[in-house]
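**Student:** Here is how the chains run, residue by residue.
2 protein chains.
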Amino acid sequence: MTVLIVGSIALDTIETPAGKVFEVLGGAATYSSVACSFFSKVQVVGVVGQDFPARHEKIFALKKIDTQGLVKLQGKTFRWEGKYFTDLNKRETLRTELNVFEKFSPELPENYKKTDYVFLANIHPSLQLKVLDQVEKPKLVVADTMNLWIRTARKDLDKLIPKVDILMLNDEEARMVTGEYSLARAGRKLLEQGLLAAVIKRGEHGATVFSRQGVFFAPAYPLEEVKDPTGAGDTFAGGFIGYLAKSRSKSFGAIKSAAIYGSVLASFAVQEFSLRRLLQIKPRDIEKRFKEFRKLVSF
Amino acid sequence: MTVLIVGSIALDTIETPAGKVFEVLGGAATYSSVACSFFSKVQVVGVVGQDFPARHEKIFALKKIDTQGLVKLQGKTFRWEGKYFTDLNKRETLRTELNVFEKFSPELPENYKKTDYVFLANIHPSLQLKVLDQVEKPKLVVADTMNLWIRTARKDLDKLIPKVDILMLNDEEARMVTGEYSLARAGRKLLEQGLLAAVIKRGEHGATVFSRQGVFFAPAYPLEEVKDPTGAGDTFAGGFIGYLAKSRSKSFGAIKSAAIYGSVLASFAVQEFSLRRLLQIKPRDIEKRFKEFRKLVSF
Numbered sequence: 039m040t041v042l043i044v045g046s047i048a049l050d051t052i053e054t055p056a057g058k059v060f061e062v063l064g065g066a067a068t069y070s071s072v073a074c075s076f077f078s079k080v081q082v083v084g085v086v087g088q089d090f091p092a093r094h095e096k097i098f099a100l101k102k103i104d105t106q107g108l109v110k111l112q113g114k115t116f117r118w119e120g121k122y123f124t125d126l127n128k129r130e131t132l133r134t135e136l137n138v139f140e141k142f143s144p145e146l147p148e149n150y151k152k153t154d155y156v157f158l159a160n161i162h163p164s165l166q167l168k169v170l171d172q173v174e175k176p177k178l179v180v181a182d183t184m185n186l187w188i189r190t191a192r193k194d195l196d197k198l199i200p201k202v203d204i205l206m207l208n209d210e211e212a213r214m215v216t217g218e219y220s221l222a223r224a225g226r227k228l229l230e231q232g233l234l235a236a237v238i239k240r241g242e243h244g245a246t247v248f249s250r251q252g253v254f255f256a257p258a259y260p261l262e263e264v265k266d267p268t269g270a271g272d273t274f275a276g277g278f279i280g281y282l283a284k285s286r287s288k289s290f291g292a293i294k295s296a297a298i299y300g301s302v303l304a305s306f307a308v309q310e311f312s313l314r315r316l317l318q319i320k321p322r323d324i325e326k327r328f329k330e331f332r333k334l335v336s337f
Numbered sequence: 039m040t041v042l043i044v045g046s047i048a049l050d051t052i053e054t055p056a057g058k059v060f061e062v063l064g065g066a067a068t069y070s071s072v073a074c075s076f077f078s079k080v081q082v083v084g085v086v087g088q089d090f091p092a093r094h095e096k097i098f099a100l101k102k103i104d105t106q107g108l109v110k111l112q113g114k115t116f117r118w119e120g121k122y123f124t125d126l127n128k129r130e131t132l133r134t135e136l137n138v139f140e141k142f143s144p145e146l147p148e149n150y151k152k153t154d155y156v157f158l159a160n161i162h163p164s165l166q167l168k169v170l171d172q173v174e175k176p177k178l179v180v181a182d183t184m185n186l187w188i189r190t191a192r193k194d195l196d197k198l199i200p201k202v203d204i205l206m207l208n209d210e211e212a213r214m215v216t217g218e219y220s221l222a223r224a225g226r227k228l229l230e231q232g233l234l235a236a237v238i239k240r241g242e243h244g245a246t247v248f249s250r251q252g253v254f255f256a257p258a259y260p261l262e263e264v265k266d267p268t269g270a271g272d273t274f275a276g277g278f279i280g281y282l283a284k285s286r287s288k289s290f291g292a293i294k295s296a297a298i299y300g301s302v303l304a305s306f307a308v309q310e311f312s313l314r315r316l317l318q319i320k321p322r323d324i325e326k327r328f329k330e331f332r333k334l335v336s337f
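In the order they appear, the protein sequences are chains A and B. Residues in the first sequence are numbered consecutively from 39, following the working numbering. Residues in the second sequence are numbered consecutively from 39, following the working numbering.
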């Protein structure tokens with residue numbers, strides 16, 4: 039099965055207690071596409087500028103990601119600069135240069151329109167809707183969003199949610215969307231909007247999946263060192279939908295395994311800056327850590 | 039098997055978003071003894087004042103808790119007043135009246151000295167040491183502590199830790215004791231001090247057990263409403279050591295099940311103010327929720 043992924047492709051400048059890197063490959067579509075590629079074919083939709091380094095383009099080729107939907111526009115690639123503190127759950131955005139991303143209006147290549155699985159990474163919900171409108175008959179749509187759109191584009195978000203099967207949010211966003219402080223109640227309220235499942239990401243505390251079949255708790259892998267949390271949520275989402283596309287199932291069982299595969303991929307992603315670790319691992323590393331996740335919660 | 043528990047017995051005045059209660063039964067020894075009593079016989083060591091209500095004394099009798107070690111002194115019972123906010127992980131202490139607790143010098147009744155299982159709830163580490171010195175040959179010692187003692191009584195705490203098998207801390211305290219931000223590294227450092235296991239409690243995010251046999255992640259039960267988080271950690275600890283005493287095992291497998299039973303008991307405790315819910319539940323409720331915990335993490 040093939041997964042269509044739309045989202046940002048960025049050059050990130052990142053400082054964490056473990057060091058600092060300049061203009062490394064980043065962006066939600068990048069992390070999620072690479073994570074997804076371990077399980078399924080990927081078609082990416084995004085935009086870069088003319089300064090986008092050829093060595094980064096090669097990474098998409100290396101992971102056999104279809105880049106027909108990746109357009110190159112006059113101008114500079116989207117840039118983000120951020121700093122993380124000792125508590126890696128907290129970060130400060132120092133600079134956001136939208137550049138070509140400002141003019142991003144996703145148009146799907148013809149052969150993307152029949153794709154069954156869609157991951158709408160965190161971009162303006164009106165763009166997420168625009169992508170979805172071009173997909174003929176998706177079997178499963180997963181969407182991510184952020185506090186900014188919940189505040190400033192609520193109308194579009196409310197139009198999007200009924201068209202989505204699985205929504206991903208962090209705990210703060212789940213509380214914002216539902217107005218409920220209790221995550222259990224927020225999860226129930228999200229389901230009442232017609233979702234198949236809501237995945238609440240809780241960073242170093244793991245993720246909780248709410249579905250009509252029950253609640254599932256995916257732990258976070260207890261890493262001694264997290265070098266760079268950037269892209270962890272996108273990596274989770276990419277592994278998550280990649281596994282669902284591979285398993286061709288929407289069952290609660292498949293969703294639970296998908297959440298663990300997402301957590302496995304995210305646990306690798308944060309061990310090095312940018313996509314370094316994700317580009318080193320092999321399927322056997324993924325399977326090994328998947329088994330470690332099982333041990334982590336078995337009693 | 040019998041578990042000796044030492045700690046505070048208090049009259050609590052508590053405000054949470056769910057309401058306010060005045061001078062209800064509380065204290066670490068109270069919560070942990072009642073939780074422990076579902077699995078093992080309990081001997082409690084503590085102090086109350088002459089104003090301690092007879093209806094509270096009856097609760098110990100009802101749960102068949104041995105109160106020979108519970109002394110009544112001239113003066114008033116220890117009182118605590120606190121307020122919780124929407125984020126129930128945050129609380130403000132409004133008032134602490136030590137009263138008779140100020141003169142508390144635990145002396146064990148003769149028949150307590152041969153007890154095999156000991157839970158040292160959160161009191162000054164010099165008092166925890168004093169209790170431990172009176173126990174002839176404990177098989178398993180579990181201790182809790184708090185940020186105050188880490189800051190102000192570090193010497194006594196450092197004397198205590200080598201005599202303890204399992205130490206319980208919250209995440210902030212684990213970071214303080216070890217100087218490590220990463221909980222995985224903090225867990226390893228705690229084990230290097232000779233502990234059999236370190237249990238890091240993370241409130242609504244569950245608890246992580248670090249042992250030389252591996253790491254175990256106990257989830258928190260996804261409750262739609264938490265009315266009063268007071269005593270959750272003590273209830274966890276009481277259920278934890280109670281189960282270990284019942285199973286007569288120190289294996290990693292037993293410790294993992296104990297952490298789940300602790301979480302089960304804590305999940306009941308927070309559903310109502312004070313010990314109300316803990317005093318309603320039956321063993322079958324505990325077994326039912328234990329199975330739900332298994333479902334929560336099975337994939």
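No wet-lab data here; the hints were simulated from the structure. Predicted, not measured: the structure shown is a model, and the values here were computed from it. Treat the hints with care, since some could be wrong.
Remember, identical chains collapse to one label, so a pair may be satisfied in a single copy or spanning two.
Restricting the straight-line Cα-Cα distance to at most 25 Å, the calculated cross-link-like pairs of lysine to any residue (SDA-like) are [unchecked claim]:
no., residue 1, residue 2
1, K128, D209
2, K329, A222
3, K333, G291
4, K227, G241
5, K79, T131
6, K333, R93
7, K227, G57
8, K121, E210
9, K201, E95
10, K58, R223
11, K114, L100
12, K333, Y219
13, K193, E210
14, K227, E310
15, K227, P267
16, K110, N208
17, K333, L229
18, K329, R226
19, K329, S249
20, K121, E218
21, K333, R226
**Student:** Cα distance capped at 25 Å. Does K121 pair with E218 within a copy, between copies, both, or neither?
**Tutor:** between (30 Å within a copy, 20 Å between copies)
**Student:** As a check of your reading, is K128 near D209 (CA-CA no more than 25 Å) within one copy, between copies, both or neither?
**Tutor:** For K128 and D209, the Cα distance is within 25 Å both inside one copy (13 Å) and across copies (16 Å).
**Student:** Can you give me the call for K110 and N208, within, between, both or neither, at a CA distance of at most 25 Å?
**Tutor:** This pair counts as neither: shortest intra-copy Cα distance 31 Å, inter-copy 50 Å.
**Student:** For K79 and T131, with the copy left unspecified, which applies at a CA distance of at most 25 Å: within, between, both, or neither?
**Tutor:** Intra 32 Å, inter 55 Å, cutoff 25 Å: neither.
**Student:** With identical chains treated as interchangeable, where does the CA-CA distance between K333 and R93 reach 25 Å or less: within a copy, between copies, both, or neither?
**Tutor:** Close neither inside one copy (38 Å) nor across copies (45 Å); limit 25 Å.
**Student:** 25 Å Cα cut-off: does K58 pair with R223 within a copy, between copies, both or neither?
**Tutor:** between (39 Å within a copy, 22 Å between copies)
**Student:** What label fits K193 with E210 when the C-alpha limit is 25 Å: within, between, both, or neither?
**Tutor:** within (19 Å within a copy, 40 Å between copies)
**Student:** When no copy is specified for K227 and P267, does a C-alpha distance of 25 Å or less occur within a copy, between copies, both, or neither?
**Tutor:** This pair counts as between: shortest inter-copy Cα distance 23 Å, intra-copy 29 Å.
**Student:** Using 25 Å as the alpha carbon limit, work out where K329 and R226 are close: within a copy, between copies, both or neither.
**Tutor:** between (30 Å within a copy, 21 Å between copies)
**Student:** From the Cα coordinates, with 25 Å as the cut-off, is the pair K329 and S249 best called within, between, both, or neither?
**Tutor:** Classified as both: same-chain Cα gap 24 Å, cross-chain 18 Å, threshold 25 Å.
**Student:** How would you label the pair K333, L229 (within, between, both, or neither) given a Cα cut-off of 25 Å?
**Tutor:** between (30 Å within a copy, 19 Å between copies)
**Student:** For K121 vs E210, is the C-alpha pair at or below 25 Å within one copy, between two copies, both, or neither?
**Tutor:** Cα proximity of K121 and E210: in one copy and across copies (20 Å, 22 Å).
In this structure, the earlier hints numbered 5, 6, 9 and 16 are contradicted, and the remaining ones agree with it.
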